[in-house]
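Participant: Protein sequence lines correspond, in order, to chains A and B.
Counted from 1, the first sequence has number 247 at position 247 by my numbering; the numbering is strictly sequential.
Counted from 1, the second sequence has number 231 at position 231 by my numbering; the numbering is strictly sequential.
These are calculated hints, taken from the structure and not from any lab test.
No residue lacks a Cβ here, since even glycine has one placed at the ideal position from N, Cα and C.
It is possible that some hints are incorrect.
What the hints assert, rightly or not - In silico lysine-lysine, BS3-like type, Cα no more than 27 Å apart, as pairs:
#, chain 1, residue 1, chain 2, residue 2
1, B, K16, A, K118
2, B, K25, B, K38
3, B, K18, A, K117
4, A, K212, A, K238
5, B, K38, A, K118
As the list claims (entries may be wrong) - Selected chain B positions facing chain A (Cβ under 10 Å, derived; list incomplete):
#, residue
6, L96
7, Y109
8, G125
9, I128
As the list claims (entries may be wrong) - One side of the interface only, derived from the structure: several residues of chain B facing chain A at Cβ under 7 Å:
#, residue
10, V37
11, N113
12, A116
13, S124
Number of protein chains: 2
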Amino acid sequence: MELKKVGEFGLIELIKKKVFKCTNKIIVTIGDDAAIVKSFSGKHLILTTDTLLEKVHFDLSYFSFRDLGHRALAANLSDIAAMGGLPITALVTLGLPSYVSVENVLELYAGMNLLAKKFNCPISGGDITSSPKGLFITIAVLGEVERNFLTLRSKAKAGDLICATGELGEVHAGLELLQKGKKNKRIKFSKSLVQKHLTPQPKIFEAREIIKKLKPNSMIDISDGLASEVSHITQASKLGAIIYESEIPLSPKARQAGKILNKNPLPWRLYGGEEYELLFTIPKSKVKRLIKLSKRIKLTLVGEMKKERGVFLVKQDGKKERIKRGGFRHF
Amino acid sequence: MELKKVGEFGLIELIKKKVFKCTNKIIVTIGDDAAIVKSFSGKHLILTTDTLLEKVHFDLSYFSFRDLGHRALAANLSDIAAMGGLPITALVTLGLPSYVSVENVLELYAGMNLLAKKFNCPISGGDITSSPKGLFITIAVLGEVERNFLTLRSKAKAGDLICATGELGEVHAGLELLQKGKKNKRIKFSKSLVQKHLTPQPKIFEAREIIKKLKPNSMIDISDGLASEVSHITQASKLGAIIYESEIPLSPKARQAGKILNKNPLPWRLYGGEEYELLFTIPKSKVKRLIKLSKRIKLTLVGEMKKERGVFLVKQDGKKERIKRGGFRHF
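Kindly produce the complete structure, drawing on both the sequences and the hints.
Facilitator: The structure is reproduced here in structure tokens:
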């Protein structure tokens, strides 16, 4: 059977059924942002991995090696953030085609180093291989999380408010500008949008702050677009959700990018991937605390968890429609 | 600068100098079989990763997906064995070209499952991506090792005896037979050699038995040929070594393979890669215990650690020569 017949998530479900699992030592397995290894001390271990492949996930025509290194580690650290944890160390695997130079490789590591230092995540090994076609970078990160900090996508409750960090849509605006070669230095705002796509900041500290202050029922990182991540939470929690489009502001920068590109920027808020922001759900009773915290961390209320399955969007004009899941599919 | 100008190990040295390290939590970093994370409980954590890339590490013309899955996990578990540890869990990353089917992917996991069960190493996550050119499999394994079991390549002592497990040269004989299409079912012996290459058995239990009975000063797994691994031990331990060619038996099966292929099988013992056997060094005082243990585990004394740097081979005819490091180089 062809891969595209079952699709990426169908394939993952099939694998999940088949593989050897061992639930007495693994709390969270295939299908979440990261695996969680049960610990008998105060902290669980987190293990996650993420791959960037040339022409699939990035293009060297607009990515410098330094930005690419940064981005590769950021994607992994974002998964650690989604679990409420802190990184311990990273392993870096590189598949290097012959057109990559020694200097390129060292620039890659220089980009990783910035984040590695910021989050105290030393790079302690990996694997290097030649690659006949195309550069790839696979990083695995080991992390840890206090038992009472662990926050999963599967524990949302009906009635929970759904909240997101950051300015949704800006990362995708940056990608569109890059792809259209609109990294125009005369347009001041475009630089910051483009930089958001090239060097996203994992929300490790923000996640821990949110957990400390709000103790969310569930959390996930937005690696695949808001709509897709809300779907993931509803599926894992066996619930549904409503998203209120009018509640999600479009930043002035994203709006400007839309004008320049002659594109409707509104869907970017829902379907733009790789934002590496956080999506979490909290009981309504915590709304005051949410408002207080939003003075320090950019937070947006985007919707509500519902008992009835399905994810629905209440559009700007008040019409309600079942939401497209969106997000990038590999098959 | 081109990669081949500094070479694979030169590149690793450059990276090691540049990356953010954090020695208060990482005991063993880049350049060893695996990273070791210091633990304040009784056990250290081990983190390792290994990649198999189509046309670089394997060829689908003679690898079934089941064997490939087995082999990919075996390579990683062998690194855990080299440290004296036990696996906790594995993450599997797949880069899938369009000619791979759903059934192929499930066969890959079936092959991994066999080893995962044997060594209690559940597969708890990973990443799946489309790959425009060529299949790749990157596995990361988290393991643990009791503080007093941890055995590193860097702790060999001058005067130590150098020992290896298994029948050296047989894995390479299997590879040569496969590459020449000599997987002839009429030739009984060839099947077992070929199988040694396709589905190597990581020596996790043997490593722990050796540590319990012999407490070796240093250990490494033979992933790159005996000569190359002896070099690694001498470099990490800042010592030299002598290997006695006459001490390393050539198995009757490897000898027969040499005849069929019309090739000299003797170098296979020294330069044949991916054996996933163990190489370790012990003080001479433990030779009696070594003999006793060799009744249960196939062990061969291959040489001796020396104060004087350099690795020398005393050949069958008594002549001494500086050894070629051998092993596969990616650049």
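Participant: Next, verify each hint and record whether it holds.
Facilitator: Structure-based check of each hint:
1. K16/B with K118/A: Holds. K16/B to K118/A sits at ~19 Å (cutoff 27 Å).
2. K25/B with K38/B: 5 Å, holds
3. K18/B with K117/A: Roughly 12 Å between the alpha carbons, so the hint for K18/B and K117/A holds.
4. K212/A with K238/A: 26 Å, holds
5. K38/B with K118/A: Roughly 20 Å separates the two Cα atoms, so the pair holds.
6. L96: The hint holds - L96/B has a Cβ within 10 Å of chain A, the shortest such distance being about 6 Å.
7. Y109: Holds. Min distance 5 Å.
8. G125: 4 Å, holds
9. I128: With Cβ-Cβ at 6 Å, under 10 Å, it holds.
10. V37: 6 Å, holds
11. N113: Check passed: Cβ of N113/B comes within 5 Å of chain A, closer than 7 Å.
12. A116: Result: holds, 4 Å to nearest chain A Cβ.
13. S124: Cβ of S124/B sits 4 Å from chain A, so the hint holds.
In terms of the numbered hints stated before, the structure departs from none.
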